[in-house]
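Protein chains in written order, with the working numbering: chain A, 36 to 151; chain B, 2 to 92; chain C, 860 to 1015.
Keep in mind that the hints are not guaranteed to be accurate.
Partner residues aside, some chain C positions facing chain A, computed with beta carbon under 7 Å [unchecked claim]:
| no. | residue |
| --- | --- |
| 1 | L892 |
| 2 | F898 |
| 3 | P969 |
| 4 | P972 |
| 5 | I1001 |
| 6 | A1009 |
If you anchor each label on the Cβ, the simulated ranges turn out as follows [to be verified]:
| no. | chain 1 | residue 1 | chain 2 | residue 2 | range |
| --- | --- | --- | --- | --- | --- |
| 7 | C | F952 | A | G139 | 29 to 37 Å |
| 8 | C | A918 | A | A90 | 39 to 47 Å |
| 9 | C | V881 | A | A90 | 21 to 29 Å |
| 10 | A | E148 | C | F952 | 20 to 28 Å |
| 11 | A | P98 | B | D38 | 15 to 23 Å |
| 12 | A | L46 | C | V866 | 38 to 46 Å |
| 13 | C | I950 | B | D38 | 39 to 47 Å |
| 14 | C | N925 | A | Y138 | 31 to 39 Å |
| 15 | C | A939 | B | P27 | 17 to 25 Å |
Here are the simulated DSS-like pairs of lysine-lysine, each with C-alpha atoms no more than 25 Å apart in a straight line [unchecked claim]:
| no. | chain 1 | residue 1 | chain 2 | residue 2 |
| --- | --- | --- | --- | --- |
| 16 | A | K147 | A | K58 |
| 17 | A | K147 | B | K4 |
| 18 | B | K3 | A | K147 |
| 19 | B | K3 | A | K63 |
| 20 | A | K58 | B | K3 |
| 21 | A | K147 | A | K63 |
| 22 | B | K4 | A | K58 |
| 23 | B | K4 | A | K63 |
In short, the hints are calculated from the structure, not lab data.
Yeah, the Cβ is synthetic: ideal placement off N, Cα and C, and Gly gets one too.
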Amino acid sequence: MGNFPFVVAMLLVILGLYTLLFKRNLIKLVIGASLIETGVNLFLVALGYRTAGIAPIYTYAPPALADRMVLPTPQALTLTSIVIGLATTALLLSFAVVIHRHYGTLDVREVKELKG
Amino acid sequence: MKKAAVFAAFVFVAAFLLFAAGRLHPFGEPSAPAMDDYFLAHSQAETGANNVVTAIVFDYRGFDTLGEATVLFAAILGVVAVFRRPREDER
Amino acid sequence: MRGEMSVIVRTIARITYALILVFGFYVILHGHLTPGGGFQGGAVVASGFALLPVAFGAAAAKRYLNPSLMRHLEEVGSLAFLALGFLGIGISFFYNVLANSGSLFGAAVPFGPNSGILNSAGTLPFMNWAVGLKVMTGLMTIVLVLLIGAGKEGKD
Chain A
36 MGNFPFVVAM LLVILGLYTL LFKRNLIKLV IGASLIETGV NLFLVALGYR
86 TAGIAPIYTY APPALADRMV LPTPQALTLT SIVIGLATTA LLLSFAVVIH
136 RHYGTLDVRE VKELKG
Chain B
2 MKKAAVFAAF VFVAAFLLFA AGRLHPFGEP SAPAMDDYFL AHSQAETGAN
52 NVVTAIVFDY RGFDTLGEAT VLFAAILGVV AVFRRPREDE R
Chain C
860 MRGEMSVIVR TIARITYALI LVFGFYVILH GHLTPGGGFQ GGAVVASGFA
910 LLPVAFGAAA AKRYLNPSLM RHLEEVGSLA FLALGFLGIG ISFFYNVLAN
960 SGSLFGAAVP FGPNSGILNS AGTLPFMNWA VGLKVMTGLM TIVLVLLIGA
1010 GKEGKD
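Can you build the whole structure from these sequences, using the hints too?
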């Protein structure tokens, strides 16, 4: 099975999706969203691999392998994706703190009213 | 009833994702490397950076980095605004 | 002082805080030569800063790391990154005017593996420093605001 790394990244996304759909605690929902983001980042980095390639950096690169480098563009896109995932998690956690302070509970089925 | 429908939809999406991951290009041979070969061959002559990933993030695709800096700024603004308390000397 | 940890944790935090800061600044400064850059180095330095509220308690850390100073430094880093994009506005936005020019950070780099010329890459080192400052102070702002805002709940 040659595509095993892609299947593992999709397994992470499926685990995060399961956590988002079937769990009730707010902190577990935040963990599920973070799992989905991790799976997508892993998938992006695995897309650009070239067999027996080295990192796309020319400082002290071994001269025998310097013409077989891994693709650099998916790594640049993953940088942006990681920072955006961090911003999402920070906002989700601060909303969880405020909801707990207002309702006294972290169960997502009890926080249903739209007016304070 | 609703829980069964949600579970069926989840199984369908999971099967779709796994089937799609198995049918991508083989791991280790990317399918269209023409743009990245141009970046690898010309980044030292045009930007002068040894680190090709940094040259892409800040020079060839600097606009994406500007968008990401804006997202980070908006997130910090949101977190600070959520925890702001009115002081006693306001209103 | 509540929230403080034991003597062993406090001593080790004092020693490793300085080492983590040095490593993080190295990763930021050499972003155009070695793996790293603004975002990665900024995250490392923010992890070093975040050791202090964990080991010494949020109240003691607030006297040493001011949250509003961190927020203003983050805005300075953001504006500096935007201003660096306008340097080459005669040709296009985000044009690298200092590369291959012979002046500050303008040495030309030959193709192929070499041992790293520090004086190269144009406006890229300046952008690394601006983004590093922004990420470092921004992440520390989030940590401090979450710790202090969530901890005062009992005093309402």
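Each hint tested on the structure:
Hint status for L892 (chain C): holds, given a least beta-carbon distance of 5 Å to chain A, under 7 Å. For F898 (chain C), the interface hint holds, the least distance from its beta-carbon to any beta-carbon of chain A being 6 Å, beneath 7 Å. Among the interface hints, the one on P969 (chain C) is violated; its C-beta lies about 10 Å from the nearest C-beta in chain A, farther than the 7 Å criterion. Of the supplied interface hints, the one on P972 (chain C) holds, with its beta-carbon coming within about 4 Å of a beta-carbon of chain A, less than 7 Å.
At a threshold of 7 Å, the smallest CB-CB gap from I1001 (chain C) to chain A is about 5 Å, leaving the interface hint in force. Restraint check, A1009 (chain C) versus chain A: the minimum CB separation of about 5 Å is within 7 Å; hint holds. F952 (chain C) and G139 (chain A) have their C-beta atoms about 50 Å apart, which leaves the hinted 29 to 37 Å range violated. One distance hint, 39 to 47 Å for the beta-carbon pair A918 (chain C) and A90 (chain A), holds here, with the actual separation near 44 Å.
Between V881 (chain C) and A90 (chain A) the CB atoms are about 24 Å apart, so this pair conforms to the stated range of 21 to 29 Å. A hinted range of 20 to 28 Å is violated for the C-beta pair E148 (chain A) and F952 (chain C), which are about 47 Å apart. Separated by about 18 Å at the C-beta atoms, P98 (chain A) and D38 (chain B) satisfy the suggested range of 15 to 23 Å. At roughly 44 Å, the beta-carbon separation of L46 (chain A) and V866 (chain C) lies within the given 38 to 46 Å, and the hint holds.
At roughly 25 Å, the beta-carbon separation of I950 (chain C) and D38 (chain B) lies outside the given 39 to 47 Å, and the hint is violated. Against the hinted window of 31 to 39 Å, the Cβ-Cβ separation of N925 (chain C) and Y138 (chain A) comes to about 32 Å, which satisfies the hint. For the pair A939 (chain C) and P27 (chain B), the beta carbons lie near 44 Å from each other, so the given range of 17 to 25 Å is not met. Simply put, K147 (chain A) and K58 (chain A) have alpha-carbon atoms about 16 Å apart, close enough for the 25 Å limit, and the pair holds.
Distance hint between K147 (chain A) and K4 (chain B) is fulfilled; the C-alpha atoms sit about 19 Å from each other, no more than 25 Å. Taken as a hint, the K3 (chain B) and K147 (chain A) pair is honoured in the structure, with Cα atoms around 18 Å apart against an allowance of 25 Å. For a cut-off of 25 Å, the pair hint linking K3 (chain B) to K63 (chain A) stands: about 21 Å separates their Cα positions. Restraint check for K58 (chain A) and K3 (chain B): the C-alpha separation of about 15 Å stays at or below 25 Å, so the hint holds.
Pair hint K147 (chain A) plus K63 (chain A) holds up; C-alpha atoms about 18 Å apart against a cutoff of 25 Å. With a CA separation close to 12 Å, the supplied pair K4 (chain B) and K58 (chain A) stays within the 25 Å bound. Distance hint between K4 (chain B) and K63 (chain A) is fulfilled; the C-alpha atoms sit about 19 Å from each other, no more than 25 Å.
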